[in-house]
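These protein sequences, in sequence, are chains A and B.
Numbering-wise (the working numbering), the first sequence opens with residue 1 and increments by one.
Numbering-wise (the working numbering), the second sequence opens with residue 1 and increments by one.
In short, the hints are calculated from the structure, not lab data.
Mixed in with the good hints, there may be bad ones.
[Unchecked claim] Where chain B lies over chain A, by a calculated footprint (3+ residues, C-beta under 8 Å): (1) 211 to 225; (2) 302 to 316; (3) 375 to 388.
[As the list claims (entries may be wrong)] So the derived label-pair ranges between C-beta atoms look like this: (4) L123/A <-> Q407/B: 33 to 43 Å; (5) Q407/B <-> A244/A: 51 to 61 Å; (6) D91/B <-> S264/A: 46 to 56 Å; (7) S264/A <-> I341/B: 44 to 54 Å; (8) Q308/A <-> D85/B: 32 to 42 Å.
[Unchecked claim] Now the stretches of chain B that chain A is said to cover, found in silico as 3 or more residues with beta-carbon under 8 Å: (9) 101 to 109; (10) 289 to 296; (11) 323 to 329; (12) 343 to 353.
The beta-carbon is built from N, C-alpha and C at its ideal position, and this holds for glycine as well.
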Amino acid sequence: MATVESLVAQIQGLSSSAGDLSLLLTHLKQADEFLHNESTRLLPFLEQLDPTLHSLGYLYILEACTSWPVTNEQARRLVLILSRFLTSCVADQIRLAPEKFISVCKSFKDQVLMLEAPIRGVLPLLEAVKKLRSSEHLTTLHPDFLQLCLLAKCYKTGLSILEDDIFEVDQPRDFYLYCYYGGMICIGQKRFQKALELLQNVVTAPMSSINAIAVEAFKKYVLVSLIYNGQQFSTSLPKYTSSAAQRNLKTICQPYIELANTYSIGKISELESYIQTNREKFDSDNNLGLVKQVVSSMYKRNIQRLTQTYLTLSLQDIANTVQLSSPKEAEMHVLQMIQDGEIYATINQRDGMVRFLEDPEQYKTCEMIEHIDSSIQRIMTLSKKLTAMDELISCDPSYLAKVGRERQRFDFDDFDPVPQKFNI
Amino acid sequence: MEPDDEIYANGEADSSNSRNRPIISSEQLDIEAYAGLYTGRTKITRLLFIADQCGQNNNTVMQMEALRMAYEEIKKGENTQLFRDVVHKIDGRLGDNYGMDSAWCEMVDRRADQRKEKLENELNAYRTNLIKESIRMGYNDFGDYYYAHGSLAEAFKSYVRTRDYCTTSKHVIHMCMSAILVSIEMGQFTHVTSYINKAEQTADALDPNTVSKLRCAAGLANLDAKKYKLAARKFLEVGPELGNSYNEVIAPQDVATYGGLCALASFDRMELKNKVIDSINFRNFLELVPEVRELIHDFYSSHYASCLDYLGNLKANLMLDIHLHDHVQTLYDQIRNKALIQYTHPFVSVDLHMMANAFKTTVASLEKELEALITDNQIQARIDSHNKILYARHADQRNATFQRVLQTGSEFDRDVRAMLLRANLIKLEYKASRKP
């Protein structure tokens, strides 16, 4: 019968080489149940271990410690230990026991939330995500991390994770949450294009039945596409959207669809009165802020359209055409848009005139060429990946078995090399 | 010549010319002359239409005049239903001479019943004898009978029934022409189109006169369907043989007006020159309606003010036209837009004051019109609202291409990534479904 002391000694002895580590792992697996039984008195032993040198052992003991519900007082202590561990542990060792690591991180997140200090969890969890993930792989920790970022309003930190490409997914639910939270973070940073992409991923993801994440994502998707694309937004979803989503989303999110329809008429007053009557619905969805941005995007779009038509225009005229109340307000809008690079213009305050300019980008600089070149490279890699993926799936036995089951008889006539069953 | 001079010349020439030129004032339509152009049922329906329109505009004098003529015209025919309607509309406002004439109605109805009986007997006799030609004649007579008495749907059916008994292509043409006539009266322009096609397929029996009639009918059908360009082409193809031979549907004056306006609204400058102004055929028609001829020439030679003047004067009368009234506003708008586009086209910069002058409008409303056209991408220009100058804008192909390339690239990037993700999710799904 092993004791905690002997186990600690083993951990200290067997944490250097790769061979030792695998031996240690088998020992630890055997001792797992024992550790869980002893969990209440384990904490002091952690002080004998170094989180960097003995990451694996440290992880097992920590996991046992956190497997029970803790009080506020304990959580305060644990959070300190956990965040130290997460920042200093070694990636190679913790990857030997990923499920333990994930469970530790989850309880870390819970404790941080219990203490109502999400900001304390952001950086350690970012480290954890970076250590656990391999390239292009979505871990279970991604959504948790993004949720903490959202709660702590650390949008910028969240963006750093969102910028990496993700292709492989273990759990559809993780993916939905990742995209949904990610979309919200991008909205917070006003990166509407990226937000739209993420939200669209949720809405169009293959699903056999509708889920709450997709519904909420669709609401935000409608609003963000109004902000970003304006009147070109069409309420029809892409054809590869799962039939469950196509059937249900529009009926569930009726107020949003109607909002889009009202927007497409192009009258500020109608849009505002519609929002006023449906205010509670948007408010209860926590989308009122976005809805307000939709309204101001309409002003922007109308001003942008003026740049296509006019070279110069007085602020008074802008205010009249765009239905703003005063030239002063028009000036604020124009100024803001110039600042954001949405229009190119100069304001002559003496005459109250705005002079619209053409886009100064001439596409002649080296940076532009480099940018284009890198885009081409990237797209080539992507499309190679897609072809590989296509081949992989069409050769996958389990896929063929499934398709074969659904199509009982295989005539030569209706044989086609790429089964059409799945529209990806 | 400097562009500015050009504008100057344009605007100035307009104002001086229009002073010298006799502008036909917007006098009221001479109903008598107008009605004289038509015969048969269309004369009555046109008069009644004018009466209705005038009634809406509270123009009682013209309304009564139209009703009076309609009354007289109906009295010559046998359509008692229409007679009762008209009497009801007149409502005793034209004195005793134009009241209800029950004796006449009864007499006509009685005669009609007798005639119908006779026709039925005849037709039955023919059918028992199975003489094709006679059966055809019988149905045809029935069609004529119904047409005269105003039951158009029945008339149409009877005419169409003759189809099975047609032996020569002449008969087919006759059947088609009758069907077209009735369908136009009913306003069923889909039938019109299909019978025109049928008639045109039997090419061997078509004489130039019939071809012209068919073109007119096709033009009307296209006009009704708001296909103004096709309508214009059809009207332009009408030959001079038409003359007054199709008065039960359309007068040659109408061909000129409909064709001219549709052509102005839908043709580009080249087509206008080749097909309208240089067409010897159509010139004959245009001679009948000098106003339309003048306005087309004005439009082509860029005297927009006088062209728009003519249009403005014609408008009241065109609104009284049974076929054109629905389309007048659309056609006018299109012509005006065309004029605006043509005016700006050759210049790099246009002074809005000059232009407003040439179009007889204010700078502010001109700006609004131009704005709409620019937003629609019909004029490539931008307005300098401060100095009131319109500057042509030449799209920079190179920049536009770059922009499009970058945009397409990022869209592709996004789509492929989304596709890979969906593929992965699908993979998960079938893996999961295999496990249990």
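If I claimed the Cβ atoms of Q407/B and A244/A lie 51 to 61 Å apart, would that claim hold in this structure?
This hint is violated: roughly 32 Å between Cβ atoms.
If you look at each residue in the segment 375 to 388 of chain A, do at least three have a Cβ nearer than 8 Å to any Cβ of chain B?
holds (count 8)
Using C-beta distances, would you say chain B covers the segment 211 to 225 of chain A, given that this needs three or more residues below 8 Å?
Per the Cβ count (0), the hint is violated.
Please test the hint of 44 to 54 Å on the beta carbon pair from S264/A and I341/B.
Cβ of S264/A to Cβ of I341/B: about 27 Å, so the range 44 to 54 Å is violated.
Check the following: the C-beta atoms of Q308/A and D85/B are separated by a distance inside 32 to 42 Å.
Violated - the Cβ-Cβ distance for Q308/A and D85/B, about 55 Å, lies outside 32 to 42 Å.
Indicate whether the distance between the beta carbons of D91/B and S264/A respects the range 46 to 56 Å.
49 Å, holds
Please verify the coverage claim for the segment 323 to 329 of chain B: does it have three or more residues whose C-beta sits within 8 Å of some C-beta in chain A?
violated (count 0)
Range agreement (Cβ of Q407/B with Cβ of L123/A, hint 33 to 43 Å)
Hint holds: Cβ distance 37 Å, inside 33 to 43 Å.
Count the residues of the segment 343 to 353 of chain B whose Cβ falls closer than 8 Å to any Cβ of chain A, and tell me whether that reaches three.
This one is violated; 0 residues, fewer than the three required, reach chain A with a Cβ under 8 Å.
Given that the segment 302 to 316 of chain A was listed as covered by chain B, double-check it with a C-beta distance under 8 Å for 3 or more residues.
holds (count 8)
So is the segment 289 to 296 of chain B in contact with chain A by the C-beta rule, three or more residues under 8 Å, or is the coverage claim wrong?
Coverage by chain A is violated for the segment 289 to 296 of chain B (0 residues, Cβ < 8 Å).
Report holds or violated for chain A covering the segment 101 to 109 of chain B, Cβ cut-off 8 Å, minimum 3 residues.
violated (count 0)
This entry does not satisfy hints 1, 5, 7, 8, 9, 10, 11, 12, going by the numbered hints stated previously.
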